[in-house]
Each structure stands twice: as structure tokens, then as C-alpha cells.
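Participant: Quick note on full-length UniProt numbering: the sequence shown kicks off at 1 and runs consecutively.
To be clear, the hints were calculated from the coordinates, so they are not data collected in a lab.
Treat the hints with care, since some could be wrong.
In the DSS-like style, the derived pairs of lysine-lysine whose C-alpha atoms are separated by at most 30 Å in a straight line are [to be verified]:
hint, residue 1, residue 2
1, K107, K70
2, K118, K107
3, K137, K68
4, K68, K128
5, K150, K110
6, K104, K84
7, K150, K137
8, K128, K150
9, K90, K68
10, K68, K84
11, K110, K128
12, K70, K84
13, K107, K68
14, K90, K128
15, K107, K150
16, K26, K14
17, K84, K14
18, K103, K70
19, K110, K70
20, K118, K84
21, K70, K104
22, K90, K32
23, K150, K90
24, K107, K137
25, K104, K137
26, K84, K110
27, K70, K90
28, K107, K90
29, K26, K68
30, K104, K118
31, K32, K70
32, K90, K104
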Amino acid sequence: MQMIGKIMKSKVLKISSVAEGAMVIKQRISCKSVLLVFDDVDDHEQLEALAGSPTWFCPGSLIIFTGKDKQVLRSHRVEIHDMKFLDEDKSLELFYSFAFEEKKPSKGFKEVSEEVVKYVQGHPLALKVLGHFLDGKTVRQWVSELDRLKLHPNEKIQSVLRLSYDGLNLQLLDNENPVVRATKSRKLRLETKK
């Protein structure tokens with residue numbers, strides 16, 4: 001209910017139920033072109049309350065939902081787009097932003113940074129966690145930590161990735177490499193017809 005107040009830029013909205021909130025969204029947004037992004041939508045009722053139908057929105061509006069359960073998203077008959085992992089350049093850029101204060105590698109770190117990026121295969125969350133983990137360490141420590149990670153994955157990194165993995169509906173995972181499929185994020189887009 002608080003989110004609806006923020007969307008409507010109103011502090012005095014009194015909404016007592018999900019149905020009432022859905023009606024407010026439908027009435028107030030239907031005459032404006034909007035861009036709405038809803039992250040981690042995991043329930044059909046949640047999706048229905050936030051965007052019951054494309055007719056709720058003015059032509060030109062763009063509504064983006066992210067979620068891990070494709071079935072919830074399919075039930076709303078929207079266009080689904082799978083998120084891609086980052087390419088090597090984007091991976092390095094993201095990793096550098098967490099591993100170095102100056103957002104670029106210090107002397108001697110470029111080669112081992114490239115190894116880190118290859119190791120995590122473009123997974124943004126893993127790049128962030130490893131960047132924080134390696135920040136402030138020497139090149140020798142980086143090499144040692146990377147070698148150790150390859151043999152015995154770090155518990156903190158594994159626990160962060162485990163949280164992401166546990167949020168997935170395992171029945172809906174694709175039949176691919178289990179490490180890769182455990183790190184996939186799902187993204188979809190709902191566009192109104194002009």
C-alpha cells in the first residue's frame with residue numbers, strides 16, 4: 001500500500017485492501033504513459049494486483065517485472081526475456097568497481113582480474129562478492145585466494161549465491177549445467193499496444 005502512495009506521489013492515500021490498491025493503480029495510471037519496474041515478483045496475486053491487464057496502462061507505457069519463476073510470469077501472458085550474463089568487458093568493469101577504489105586495476109592486477117572474471121562466468125552477484133572479498137589484498141593474495149576458491153569455494157560467496165539459488169523454483173529450472181542454471185535471473189516486459 002505504501003508503494004502505491006509513492007507511485008501516485010500522494011501521502012494521504014488510504015488503501016485498505018489489495019483490490020482497492022489495484023483499483024487506484026488502474027484509475028490513476030490509465031491516462032499517463034509510465035515506466036514501472038517491479039523487482040522480484042514471485043506470486044501471481046502480486047502480479048495481478050500491480051498490473052492486472054495491459055488495458056490498465058496508457059499506450060506507450062512500459063511495465064517491467066523481474067522474477068525467478070517463469071510460470072508466474074507466463075500466467076500473466078507477458079513477453080518473457082531471459083537475462084544474459086555479462087560479457088568479459090562488462091564483467092571486468094563491474095568487478096573493478098568493487099575491487100578497486102579507483103575503478104581500474106592497479107599495476108599487476110589486470111591479469112588476475114581477468115582470471116576472476118572467467119572463473120565466475122559473468123555472474124554479477126559473484127563479481128560483486130569477490131570484488132569486495134579481494135579489495136585491499138596484494139596480487140599474490142589474489143592468486144592464492146583464486147587458487148583456493150577453485151579447490152574449495154569460499155563459504156561467504158557460496159552463502160550469498162545459495163540465497164539466490166534457494167529463491168528459485170527448482171521445477172522450473174532449465175536442463176542445463178546446474179551451476180549456470182542456479183545463477184540465472186529472469187526478466188520480462190509487458191508492453192501496451194499503441
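Participant: Does each hint fit the structure? Answer for all of them.
Facilitator: Results for each hint:
Restraint check: the Cα-Cα separation between K107 and K70 comes to about 44 Å, which exceeds 30 Å; the hinted pair is violated. At roughly 20 Å between alpha-carbon atoms, K118 and K107 fall within 30 Å of each other, so this suggested pair holds. Of the supplied pair hints, the one linking K137 and K68 is violated, its CA atoms being roughly 35 Å apart against a limit of 30 Å. Distance check on the hinted pair: K68 and K128 sit about 20 Å apart at the alpha-carbon level, within 30 Å; holds.
The suggested pairing of K150 with K110 holds, with an alpha-carbon distance near 19 Å, which does not exceed 30 Å. A distance of roughly 24 Å separates the Cα atoms of K104 and K84; the hinted pair therefore holds under the 30 Å criterion. As the CA atoms of K150 and K137 are separated by approximately 18 Å, the hinted pair is consistent with the 30 Å bound. Annotation: proposed proximity of K128 to K150 holds, straight-line Cα distance about 17 Å (limit 30 Å).
A hinted pair counts as satisfied when its Cα atoms are at most 30 Å apart, and K90 with K68 qualifies at roughly 23 Å. This hinted pair checks out: K68 and K84 have alpha carbons roughly 14 Å apart, not beyond 30 Å. The hinted pair formed by K110 and K128 meets the criterion: a straight-line CA distance of about 17 Å does not exceed 30 Å. At most 30 Å may separate the alpha-carbon atoms for a hinted pair to count; K70 and K84 meet this at roughly 15 Å.
As the CA atoms of K107 and K68 are separated by approximately 39 Å, the hinted pair breaks the 30 Å bound. Between the alpha carbons of K90 and K128 the distance comes to roughly 12 Å, so the proposed pair stays at or under 30 Å and holds. A threshold of 30 Å between alpha carbons decides the hint, and for K107 with K150 the separation of about 24 Å falls inside it, so the pair holds. At most 30 Å may separate the alpha-carbon atoms for a hinted pair to count; K26 and K14 meet this at roughly 16 Å.
Taking the CA atoms of K84 and K14, the gap is about 40 Å. The hint is violated against a cut of 30 Å. With a CA separation close to 35 Å, the supplied pair K103 and K70 exceeds the 30 Å bound. Between K110 and K70 the CA atoms are separated by roughly 38 Å; this puts the pair beyond 30 Å, and the hint is violated. Taken as a hint, the K118 and K84 pair is honoured in the structure, with Cα atoms around 15 Å apart against an allowance of 30 Å.
Of the pairs offered as hints, the one joining K70 and K104 is violated, with about 37 Å between alpha carbons and a cut-off of 30 Å exceeded. Annotation: proposed proximity of K90 to K32 is violated, straight-line Cα distance about 35 Å (limit 30 Å). Annotation: proposed proximity of K150 to K90 holds, straight-line Cα distance about 22 Å (limit 30 Å). About 13 Å separates the Cα atoms of K107 and K137, which keeps this hinted pair within 30 Å; it holds.
Our distance criterion of 30 Å between C-alpha atoms is met by K104 and K137, whose separation comes to about 15 Å. This hinted pair checks out: K84 and K110 have alpha carbons roughly 24 Å apart, not beyond 30 Å. A hinted pair counts as satisfied when its Cα atoms are at most 30 Å apart, and K70 with K90 qualifies at roughly 26 Å. At most 30 Å may separate the alpha-carbon atoms for a hinted pair to count; K107 and K90 meet this at roughly 20 Å.
Taking the CA atoms of K26 and K68, the gap is about 26 Å. The hint holds against a cut of 30 Å. Note on K104 and K118: the hinted pairing holds, with a Cα-Cα distance of about 17 Å set against a maximum of 30 Å. Restraint check for K32 and K70: the C-alpha separation of about 28 Å stays at or below 30 Å, so the hint holds. Between the alpha carbons of K90 and K104 the distance comes to roughly 13 Å, so the proposed pair stays at or under 30 Å and holds.
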